[in-house]
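Those sequence lines, one after another, are chains R and P.
So in my numbering, spot 16 of the first sequence is number 16, and the numbers just go up one at a time.
So in my numbering, spot 325 of the second sequence is number 325, and the numbers just go up one at a time.
Simulated from the structure, these hints should not be mistaken for laboratory data.
Among the hints, erroneous ones may be present.
[As the list claims (entries may be wrong)] Ranges between beta-carbon positions, derived for each pair:
id	chain 1	residue 1	chain 2	residue 2	range
1	R	L29	P	L555	18 to 28 angstroms
2	R	T23	P	L555	42 to 52 angstroms
3	P	F284	R	L30	17 to 27 angstroms
4	R	R22	P	E448	16 to 26 angstroms
5	P	L98	R	A26	39 to 49 angstroms
6	R	Y40	P	K443	20 to 30 angstroms
7	P	E335	R	R47	43 to 53 angstroms
[Claimed, not checked] Stretches of chain R that chain P covers, calculated by requiring three or more beta carbons in the stretch to come under 8 angstroms of a beta carbon on chain P:
id	region
8	24-30
9	37-44
Ideal placement from N, C-alpha and C gives every residue a C-beta, glycine not left out.
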Amino acid sequence: MTDEKRKHSQGEEPPPFGGSWRTLYAVVLLNLLAFVVLFYLFTRAFR
Amino acid sequence: MRPLDWVVLFAALAGIVAYGLWKGRRTRDLDDFLVADRRQPWHRVALSIMATQASAVTFLATPGQAYADGMRFLQVYLGLPVAMVILSATAVPIYRRLKVYTAYEYLEGRFDLKTRTLAALLFLALRGLSTGVSLYAPSLILSVIMGWDIRVVIFIIGGAVMLYASTGGARAVDNTNFLQFLIIMGGMVVAFLTVVRLLPPDVSFLEAAHVAGKLGRLNAVDFSFDIRNQYNFWSGLLGGCFLALAYFGTDQSQVQRYLSGQSVAQSRLGLLFNGLVKVPMQFFILFIGATVFAFYQFTQPPVFFNPVQAERARVGARGAEFRAIESDYAAAFGEKQRAARGYVEALRAGDAAGAEAAAAGLKAAQEKADGVRAGAVEVLKEFDAKPNDTNYVFLSFVTRYMPAGLVGLVLAAVFFASMSSTASEWSALAATTVVDIQRRLLKPDAAERYYFISSKLATAFWGCFAVAFAQYAGQLGSLVEAVNRLGSLFYGTLLGIFLLGFYFKRVKGTAAFLGALAGEAAVLYCFFFTSIAFLWFNVVGAAVVVLAAHALNPLTRAKPKPANS
Chain R
1 MTDEKRKHSQ GEEPPPFGGS WRTLYAVVLL NLLAFVVLFY LFTRAFR
Chain P
1 MRPLDWVVLF AALAGIVAYG LWKGRRTRDL DDFLVADRRQ PWHRVALSIM
51 ATQASAVTFL ATPGQAYADG MRFLQVYLGL PVAMVILSAT AVPIYRRLKV
101 YTAYEYLEGR FDLKTRTLAA LLFLALRGLS TGVSLYAPSL ILSVIMGWDI
151 RVVIFIIGGA VMLYASTGGA RAVDNTNFLQ FLIIMGGMVV AFLTVVRLLP
201 PDVSFLEAAH VAGKLGRLNA VDFSFDIRNQ YNFWSGLLGG CFLALAYFGT
251 DQSQVQRYLS GQSVAQSRLG LLFNGLVKVP MQFFILFIGA TVFAFYQFTQ
301 PPVFFNPVQA ERARVGARGA EFRAIESDYA AAFGEKQRAA RGYVEALRAG
351 DAAGAEAAAA GLKAAQEKAD GVRAGAVEVL KEFDAKPNDT NYVFLSFVTR
401 YMPAGLVGLV LAAVFFASMS STASEWSALA ATTVVDIQRR LLKPDAAERY
451 YFISSKLATA FWGCFAVAFA QYAGQLGSLV EAVNRLGSLF YGTLLGIFLL
501 GFYFKRVKGT AAFLGALAGE AAVLYCFFFT SIAFLWFNVV GAAVVVLAAH
551 ALNPLTRAKP KPANS
């Protein structure tokens, strides 16, 4: 294993996009919330 | 199937095996074989994770589930994104920092050897048995639809996977999973577009959707709470989250996928991408099933979608009765079709009262048709104690209505779905066998090349085992069902052990071990003596493990470590 690989696998490097991990976690959870709202509206529209 | 379909199917199968062999040709050491040299970019990690989870039965049963019961099954996946965030933040950095090959290695450092071995053996037993069943189930469906001997289908899937998984290891598995998943989703999109195109020209897609919705097939979420029902928002969010935590955090077939990421960041992104797209993807697959249901409101469906069982009933002792039921079903369908068109016309006229009246008529016609179909199912009980054609709905539609070439593409997608999850399972079973059993317990001091060769042989062994098990699975009857349920009986306990390891630093090995036994006893009690839905077993098992370990921890304190340790 090269030094660079070892450094990468050990490090807490920031995400390659999105700024921080907290932002990406929030995106995933808000995405879920948005889908739940959409599914609710979908269910109501075709009930 | 037409000649073009055979060409497409065999070209796809040969192509994927060649691709797997080519991608795995540079696999030269244990790191390569077990974790793809930890060099996979996040998008390959993500799609390999998704391909592993989505077996062929997922793509066959899910549209069938929407056809028969509506889209409420979607809610089982609502906890998955939450689990992906939790695992990305906690488990991924721990596994990556320790540079483990398997999830169970972590348990020895955190607790002790017996806890690691218990978890590894549990995984080997459960996944070893279930990999045979997961090979058998789609093979049965494909053999019925294609008219092939099931043994041939099992050998094709098993043999193809064995070729690249046992030579190229995780590198070949991750790369083929990636490509297979793209083709699978392409096949599903083509199937969806076909069913939309086949709707009657005088009925719009939206109107057809309203018909399906009025008959209860577009019920994506339900906020009412019932612990005996796993298809509601709360069960899905909490129970589904625990199930996903257990599956993605403790099952080596998934852990191995993100251990192969280039870095902690790439592994995390792979899981987070799954958290972003899994729920809409499941919605889409279920929506295909609901659209097929809408299609069959205007085109007559067979009374039973398994063609082999239907034919047996036609020529069986109660054949005349079955044929009479088929005629009644055709008449009931005619009535239902008229009711559906009446409802569409009322919608188009903007007549709310008329639409409500037409909807009532449509529901009554559906109930009548369902009643006639129930009679056919009764006749089929002569051959099968629990006749169920849910898994045949989608492929029956594909083979009857899709154009030449596209049938071969969708069948290839189903083969790929089976191959991708099977390959991941064999690779994970081999890793656990070699790393947690052979290298740790049986032969600890061999050269790395010895374990590398052993890993190849272990993959081949688990492949042979799965193929052999699948050959006889049909004769095992209820054991197959038992094996399928077995996972849900043990996941909660496994999760509880890992939760103790990750979040409760004071709990020692013996307390964790005893807590695991208590958790398992609680799950088995729920299974045998209560009507709690299975999704909650994971919550119960994990919670009891954590609570019991805490209660027992003061009684099982480890000897104090030396001051300089």
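How about the region 24-30 of chain R: do at least three of its residues have a C-beta closer than 8 angstroms to a C-beta of chain P?
-> holds (count 5)
Range hint compliance [Cβ, R/Y40 to P/K443, 20 to 30 angstroms] = 57 angstroms, violated
Count the residues of the region 37-44 of chain R whose CB lies closer than 8 angstroms to any CB of chain P, then report whether that count reaches three.
-> Answer holds; 4 residues pass the 8 angstroms Cβ test.
Determine whether the Cβ-Cβ distance between P/L98 and R/A26 falls within the hinted range of 39 to 49 angstroms.
-> 28 angstroms, violated
Would you say the C-beta atoms of P/F284 and R/L30 sit inside 17 to 27 angstroms of each other?
-> 20 angstroms, holds
That 42 to 52 angstroms hint for R/T23 and P/L555 (C-beta), does it hold up?
-> Because 44 angstroms falls inside the window, the suggested range holds.
Does the hinted range 18 to 28 angstroms hold for R/L29 and P/L555 at CB?
-> 39 angstroms, violated
Take the C-beta atom of P/E335 and the C-beta atom of R/R47, compute their distance, and say whether it sits inside 43 to 53 angstroms.
-> 23 angstroms, violated
Are R/R22 and P/E448 spaced within 16 to 26 angstroms by their CB atoms?
-> 39 angstroms, violated
Violated hints for the displayed structure, listed by number in ascending order: 1, 4, 5, 6, 7.
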